[in-house]
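Colleague: The lines below spell out each chain.
Number of protein chains: 2
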Amino acid sequence: MSSRASPPAPDGRVRAVIDAVRPCVDGGRFAVKRVRGEEVLVEADCFTDGHDALRVMLRTRAEDATAWEETEMREAGNDRWCASFVAGEPGRYRYNVVAWVDHFLTWRRELARREDAQDIASAALAGAALLREAAARAQDADRALLAEWAEKLAGGGEAAALRDTGLDEDLAALAARHPDRSLETAWPVELPLVVDRELARFGAWYELFPRSASPEPGRHGTLADVEARLDYVAGLGFDVLYLPPIHPIGREKRKGRNNALAAQPGDDGSPWAIGAAEGGHEAIHPALGTREDFRRLVAAARARGLEIALDIAFQCAPDHPWVKAHPSWFRHRPDGTVQYAENPPKKYQDIYPFDFESADWREMWMALKGVLDFWVAEGVTIFRVDNPHTKSFAFWEWAIAEVKRARPEAIFLAEAFTRPKVMHRLAKLGFTQSYTYFAWRNTRRELTQYFTELAHGPGRDYFRPNAWPNTPDILTEALQFGGRPAFMSRLVLAATLSASYGIYGPAFELMEAEPREPGSEEYLHSEKYEVRHWDLERPDSLRHFIGRVNSIRRENPALHADAGLRFLRTDNDQLIAYAKQTPDGANQVLVVVNLDPHHAHSGWIELDTEALGLDDGSPYQVHDLLTGARFLWHGPRNYVSLDPARAPAHVFRLRRRLHREQDFDYFL
Amino acid sequence: MSSRASPPAPDGRVRAVIDAVRPCVDGGRFAVKRVRGEEVLVEADCFTDGHDALRVMLRTRAEDATAWEETEMREAGNDRWCASFVAGEPGRYRYNVVAWVDHFLTWRRELARREDAQDIASAALAGAALLREAAARAQDADRALLAEWAEKLAGGGEAAALRDTGLDEDLAALAARHPDRSLETAWPVELPLVVDRELARFGAWYELFPRSASPEPGRHGTLADVEARLDYVAGLGFDVLYLPPIHPIGREKRKGRNNALAAQPGDDGSPWAIGAAEGGHEAIHPALGTREDFRRLVAAARARGLEIALDIAFQCAPDHPWVKAHPSWFRHRPDGTVQYAENPPKKYQDIYPFDFESADWREMWMALKGVLDFWVAEGVTIFRVDNPHTKSFAFWEWAIAEVKRARPEAIFLAEAFTRPKVMHRLAKLGFTQSYTYFAWRNTRRELTQYFTELAHGPGRDYFRPNAWPNTPDILTEALQFGGRPAFMSRLVLAATLSASYGIYGPAFELMEAEPREPGSEEYLHSEKYEVRHWDLERPDSLRHFIGRVNSIRRENPALHADAGLRFLRTDNDQLIAYAKQTPDGANQVLVVVNLDPHHAHSGWIELDTEALGLDDGSPYQVHDLLTGARFLWHGPRNYVSLDPARAPAHVFRLRRRLHREQDFDYFL
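Protein chains in written order, with the numbering used here: chain A, -19 to 648; chain B, -19 to 648.
You may find that some hints are simply not true.
Copies of the same chain look alike in the list, so a pair counts if it works inside one copy or between any two.
As the list claims (entries may be wrong) - With a Cα cut of at most 25 Å, we get these calculated SDA-like pairs of lysine to any residue:
#, residue 1, residue 2
1, 233, 619
2, 401, 437
3, 132, 317
4, 327, 30
What the hints contain is simulated information worked out from the structure, not anything from laboratory work. Quick caveat, the model's predicted, so the values are computed rather than measured.
From just these sequences and the hints, can you work out the full model?
Modeller: Pasting the structure below:
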């Protein structure tokens, strides 16, 4: 028999076992995400051999701190231990679990079950020995007290009295402060946690093209025009105003209106074809204004409770200054020309992608992160990142961490509408929020499946959805063919299914629905390629409806998170119903949407009365916050009827406490 | 803005991403288990930014080898890549996944989609450059060939011809042999795999007490008596003969018959109270025989295709030689006496547990592993470990790995009937097989839930169930009250739901069903405390039925594994039905059991005809391997009727190919 000389080096006497600590993303390779003030519930499977008692501690610290804070974990059945802490200021944190076999606790638990007087006498002596050891670990008053208790137990006496002494609660608390932790074990990974500010979880976004913000038809909009529009956007109840790229637009290979291959004289080009003689990613398009204008805009927005989000599109127009200054950052074809973006047979001659395999990648990474730093210095901490999945994943992981190290409040929204695994990877590696497939989820089944996955699936700890019914790239068929009811229902769905959502306006509130050609999801006369003028005062605008929905969102904490989402059964496939509630159940919102924009539908909604705390049989009120209407419901099944011509949705607040005769003074 | 001087040290140009490699137990902390010859399917999520092509390799090696073997992985949709290898000889292995962005493959894929002649000409030059680089990496003939192809592409010509050249399959194969892997990435963990011999997955166990093996009533059985019984056990179709401890039994504090606190003169004591003046864990009880007798038994068993499994119970009777020789291995009470096992108010005065927090733990571990080594040297490689969960987990992880390092064929069965997390931990840390909760799963719902979890749940890669309808400790109420039909149905369930199963005999085949007292699961006159005599020739013995079931198991590969288990719907709750099939579907077994031992039941079974390949509408035959009866079935729903008084179960083999007129000579 071959056999090693001796057991392994670590102390083999460590008997506590810790398993399956969660939340945990990929074994701790990536961080769990929470927002400031949110409860972080940590669970772990902990046990030991035999019957001995364990103590288990949750440890937390800021990532750059050395000292841990500890919270005692409690057993919740089936060897699962739990404790929670409240997420602090934005930043990076670590948490971990430690456990040890606690001999005093074991002794105490056994003492409680001992019946034989001789056993109790013997146990008292053993307990005294444990307390003397505890005294040796303690200081000052505790040390003296522990020694005193030890003597009491060692002093003998009646079994019942000895037992009472040993089981004294004060003694238990005292001993618990001085455990023998020499054989404790720690979970091998100090799990990372990113705490973001609240806006990372809950916010309403509004996108507009600054160049279309002029109130006068035919004039190129400016940052000053955007400033003048802030009251409008804030009035609609939005939190973030997101601007497509505001940089100089390339002239070489510029695309024309409706994405024509060649621009005509006077065509303004695409804001995503970044860079020209006037500058690149750190410059402002002269037609939009100056750095001063931008600073004023940022400050004016903030004064209205709005934040400006910028678009980060890491790609260059052929005349971007970097193309000449840093040719090694781009790929070249055998003939020496720079390789434009392509996905054969499609070609994007107006766009040069960066070569993330460039030998000069370090300088390039620094320059790209420099762009982020530049705008952060200008007061922007929200970035909507264009097509992050076409740049290297390693770059984003590094750049986002670096920016957030200095500015933990920074928020990065990943504009990726790509394959699921890629979407998830971006979220794991650091993007704060992610665009979703919401635009293409229309039926009850699709919406239920997708938002159940988002709220409760494996991504729940790192993938924060931001749902958009439209974007400048996406005019869905639902909106093309559904008319006003579709715009309304898609808005309600986005705004209530997802704590973060956004619209691309004013196209949205003005119900722009004409595609470039049948079967296309591109807008006709897309703002991506030309300046548009919008009549915000049009009487059919949805602005008031949107404002109402955003108010409802703000006033109802249930809508500030997605974890409390539960879908409800309905007996009509065209009616989708779901409830959201705060963890304490104090705020409960019930949404019912008629998904058919063409016909009225009615049906029965089945509430989970137990989950909603409505199972005592009393009637309750559902208060439609959209219309103000109130309905008296009772029991789990209730009837709903929605005519899209009037209102395609109910957003009910549940009011459990109805007035009863006892509430009136004269009842007494 | 604070910002680090430069990007991180690793090469930022690595663009391939690997995620979620599986199978994987706790991120690679523990090994995945397979048996020799089994296919190991490895999957990984792999992708890169943008549209470039990836190549992904599965790497495998024996743990002590340095060189990897590589297998190309294929994309299976949704960015999931797959490859498999066949588990080799028993031992420890590692596997891993590597991926890189492959520029030639990208180039080729794009070329296939190129339409424009000028683009193709330009692409041909780029391809030539890639091939010249590949040539520089190649040797000899390949080098010359690659250079030739490069010149062909660089030579220009008609676009269509150039494209054909670039897309040549031979060229693709040649280039694939010489990729640029300078920027490859590897999954950070080299995942461990334990390959066991086939018996680890599939085997029938028979437990008997050697001291009860005498054919003469009243005489203490011997190892020679066991040897004489080998033909009986082998004749029943068992693979493993497991013996409770065969060591000297302590005399101090010996328990009497039926677990009486004090033994009476002549009482033989419990084999689990190990150790007396004659020796400890490496000695043989003199009444059973000698070391020579044992060696002869092991050899005689092997000659009959049987293997002897020993019981490993790491605990000592008070008169075990180690108690005096190594007092530091045990806990002591304040009065200096050794602490016996207890779980207050219960006391086990005849058992001293080891103190796994002993300061002398290293010596103790070596001694305990020495016991395993000792019996391995005597030809035993199967160990049924008694209550492993009352010994330290760290010890088992080390000891099992050490024994298996020298003898990879060793099998350890964990006798733990404790909490689920603890059961799973033991399986993860190295136990080959685990006892289960089968004894207490009786209803269709309970069995379906539990065996679905075992076959398909998260433990499927490391937790191998071994199902026992009875043990010397467990006489279930199902057996106490169900009579012969219950013994038959519980046997069929154990033997067909679980590829490994066992019975405690002859109590099982002789249908011993009397508990020590009502409500107890202890046998009256338990062999744990006294010698019994069994009449193997009793006409009502289930031996022939058991032999039939074991033959069916051997002849049907579908029953050699649990991964192919699928439960079927029945319209009668007392009928449980399930199918098992081999991965290739060549062997299909369908089991139907009447769970009610008192009444006949009939009902409709719903087969998953698609999964079973029966969905072409043709009739098929189900052949009851227990009775020989054959039934012609068709479609998914078929009728079954089972009278427990005759046979409580069908074990059907599905025979899809029925004779048709074409099969007869005269048809032609």
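Colleague: For every hint, state whether the structure bears it out.
Modeller: So, going through the hints one by one against the coordinates:
1. 233 to 619: This pair counts as neither: shortest intra-copy Cα distance 59 Å, inter-copy 74 Å.
2. 401 to 437: For residue 401 and residue 437, the Cα distance is within 25 Å both inside one copy (13 Å) and across copies (23 Å).
3. 132 to 317: between (91 Å within a copy, 23 Å between copies)
4. 327 to 30: between (68 Å within a copy, 14 Å between copies)
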